[in-house]
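Undergrad: Going down the list, the protein sequences come from chains Z and V.
Under numbering that gives the first Met the number 0, the first residue of the first sequence carries the number 0, and numbering increases by one thereafter.
Under numbering that gives the first Met the number 0, the first residue of the second sequence carries the number 0, and numbering increases by one thereafter.
Simulated from the structure, these hints should not be mistaken for laboratory data.
All C-beta atoms in this analysis are idealised placements derived from N, C-alpha and C, irrespective of residue type, glycine included.
Hints are not guaranteed to be accurate.
Partial list, computed: chain V residues near chain Z (C-beta under 10 Å) [what the hints assert, rightly or not]:
| # | residue |
| --- | --- |
| 1 | Asn84 |
| 2 | Arg97 |
| 3 | Gly101 |
| 4 | Tyr124 |
Here's the letter readout for the chains.
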Amino acid sequence: MDPSHATTGPVSHREPPRRLGQPNLGFGIGLRGAHFDTLWDHAESFDFLEILSENFMAFGGKPRAMLERAAATFPIVLHGVSLSIGGVAPPDEGYLRELFALIRAVRAPWFSDHLCFSSNFGVEYHDLLPLPFTEEAIELVAGRARELQERAGVPFLLENPSYYMRYADSALDEATFLREIVERADCGLLLDVNNVWVNACNHGYDPRAFIEALPLERVVQIHMAGHLVLPDVVIDTHGAPVIDEVLDLYAFTIARTGPVTTLLEWDHDIPTIEVMAAETDKIRAAAARGAEQGAASWRP
Amino acid sequence: MASLKDLAETVHAALRRELDTDVAAARLGVDPARLGIYRGFVHDHVSGILDKLYPYVRAHLGSQIWAELVAAYFREVPARHWELNACGEAFPAWLDARIAAGDGPGVDPFHVALAELEWEQFVVYMHAATVPAGEHLEAPVLNPTLSLLDLAYPVVRFIVDHPEVGDVGPAIPVPAAARRLALLFRRPGTWRVAYYQGSDDLLFALKVVHEQIPLAVAAEAVHQPIAVARAAVDHAIAVGLVLAPPDFAAW
Ligand SMILES: [Fe+2]
Numbered sequence: 000m001d002p003s004h005a006t007t008g009p010v011s012h013r014e015p016p017r018r019l020g021q022p023n024l025g026f027g028i029g030l031r032g033a034h035f036d037t038l039w040d041h042a043e044s045f046d047f048l049e050i051l052s053e054n055f056m057a058f059g060g061k062p063r064a065m066l067e068r069a070a071a072t073f074p075i076v077l078h079g080v081s082l083s084i085g086g087v088a089p090p091d092e093g094y095l096r097e098l099f100a101l102i103r104a105v106r107a108p109w110f111s112d113h114l115c116f117s118s119n120f121g122v123e124y125h126d127l128l129p130l131p132f133t134e135e136a137i138e139l140v141a142g143r144a145r146e147l148q149e150r151a152g153v154p155f156l157l158e159n160p161s162y163y164m165r166y167a168d169s170a171l172d173e174a175t176f177l178r179e180i181v182e183r184a185d186c187g188l189l190l191d192v193n194n195v196w197v198n199a200c201n202h203g204y205d206p207r208a209f210i211e212a213l214p215l216e217r218v219v220q221i222h223m224a225g226h227l228v229l230p231d232v233v234i235d236t237h238g239a240p241v242i243d244e245v246l247d248l249y250a251f252t253i254a255r256t257g258p259v260t261t262l263l264e265w266d267h268d269i270p271t272i273e274v275m276a277a278e279t280d281k282i283r284a285a286a287a288r289g290a291e292q293g294a295a296s297w298r299p
Numbered sequence: 000m001a002s003l004k005d006l007a008e009t010v011h012a013a014l015r016r017e018l019d020t021d022v023a024a025a026r027l028g029v030d031p032a033r034l035g036i037y038r039g040f041v042h043d044h045v046s047g048i049l050d051k052l053y054p055y056v057r058a059h060l061g062s063q064i065w066a067e068l069v070a071a072y073f074r075e076v077p078a079r080h081w082e083l084n085a086c087g088e089a090f091p092a093w094l095d096a097r098i099a100a101g102d103g104p105g106v107d108p109f110h111v112a113l114a115e116l117e118w119e120q121f122v123v124y125m126h127a128a129t130v131p132a133g134e135h136l137e138a139p140v141l142n143p144t145l146s147l148l149d150l151a152y153p154v155v156r157f158i159v160d161h162p163e164v165g166d167v168g169p170a171i172p173v174p175a176a177a178r179r180l181a182l183l184f185r186r187p188g189t190w191r192v193a194y195y196q197g198s199d200d201l202l203f204a205l206k207v208v209h210e211q212i213p214l215a216v217a218a219e220a221v222h223q224p225i226a227v228a229r230a231a232v233d234h235a236i237a238v239g240l241v242l243a244p245p246d247f248a249a250w
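Construct the entire structure; sequences and hints are all you get.
TA: So this is what it looks like as structure tokens:
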């Protein structure tokens, strides 16, 4: 392990952590069909865009034309859902070819996918299935992530997914599992703060202690989103405003990381671009709060 | 401790509905209700995309038959491609095979033709070709997004007669079988997919432009005045099937 990446406490005491050398792109949203016609009049409300890689890898037509326009206007980062890095078989080579081509086409500074499996035995689930928190899974995923990052030529970030079931075989705690993988792979972490909240609710742990246990110097990007509270479970829907508790948890995180590229994820019941801009402003305000709390600890 | 592969096999069998949730959950040491969430999600991604891709077929069959079909499709045709829409591609052919096997109560060959058109509409919408503006052209060309479908029913007519899918339901009679060509393409200057039944004049214009036949020669071949041939090409230009330079006057 590179000792410069080791954190044993919640706060780095000298300077904002280096985030694998990647810049802070500011505050952004996902490029979605719902905003293809309205985004351009509100371009100043957002600093960057994220695309769901699979929505643009296979297609021409309007999505591709909008992507080209977006890439001429904003920095674009890629976020995938079908890599299946924890699948029994390695990621599909045809998929990777198209993914790498898209990274080059939009000059993405980095790309990300989830710490999960989303296909197995030749079948796509189109959902993110949790891995057991085991040494076997760490070895498998870390090796693949390291190779993937080398082949892509730009940093790869693994996202902490929301998960609804924890296997009896999970011998490790989730934070250790995440840390071991990103450190052995020497890749980045896409920290989804809403997922931390959802998982904390569903599995009964303290979200702040969880965040403090992560290798925060590797957080290159943050996701913020809304969720749905059901009687027995909290579902990560990406279909509602970010709740105040998650904004507070985000401020808590920023106090420990310094400013980080942050994205508002909204995939269902997508509101107007005006609402997206207003929700992004709430995130900006929470980031400013967090930065104020943390500035004393990470300034030189 | 089970290996990752053993665990993945159990999860897979549960998601594919080949293994009872309680049995799989006990094997994995998870709450069956939580495993059930994933079972539901994985199924709903497929049913959701079929709903999106085939709104007319769904509306015309009615919700009960549609739900039975979707459940059977999910079981029999696992999603093989990482792009979600792609898992709907096999649906028309699967529907056809199901009817041929006598396994489709309430489903008619008309629905196969309707599904073929709906899938093609998606393909044309996402077509990689750009539709060039007239000022970039030197001569008339076919719209590069054009797709030609040979359908066993007059499906284009059916959709033109029922432009709002919300007005379509099982009570609307199935039209009589009649082979018709359907022409689909993205309308120039928009992202909308236009579809036309292959009328004589559009098919004539298609042939003339595709084979670059001089209008006088084409008119003579069909024993028509050149003005008639010209009108057919102009019609094809007006609807966007043929793209032409703005000053296109004679050929
Ligand atoms: Fe996320």
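Undergrad: Classify the hint on asparagine 84 of chain V as holds or violated, based on whether any CB of chain Z lies nearer than 10 Å to its CB.
TA: 8 Å, holds
Undergrad: Once the shortest beta carbon distance from arginine 97 of chain V to chain Z is found, is it less than 10 Å?
TA: Hint violated; arginine 97 of chain V Cβ to chain Z Cβ min 21 Å, cut 10 Å.
Undergrad: Does glycine 101 of chain V pass the interface check with chain Z, least Cβ-Cβ distance below 10 Å?
TA: 28 Å, violated
Undergrad: Hint tyrosine 124 of chain V vs chain Z: min CB-CB distance below 10 Å?
TA: Status holds, d = 6 Å.
In this structure, the earlier hints numbered 2 and 3 are contradicted, and the remaining ones agree with it.
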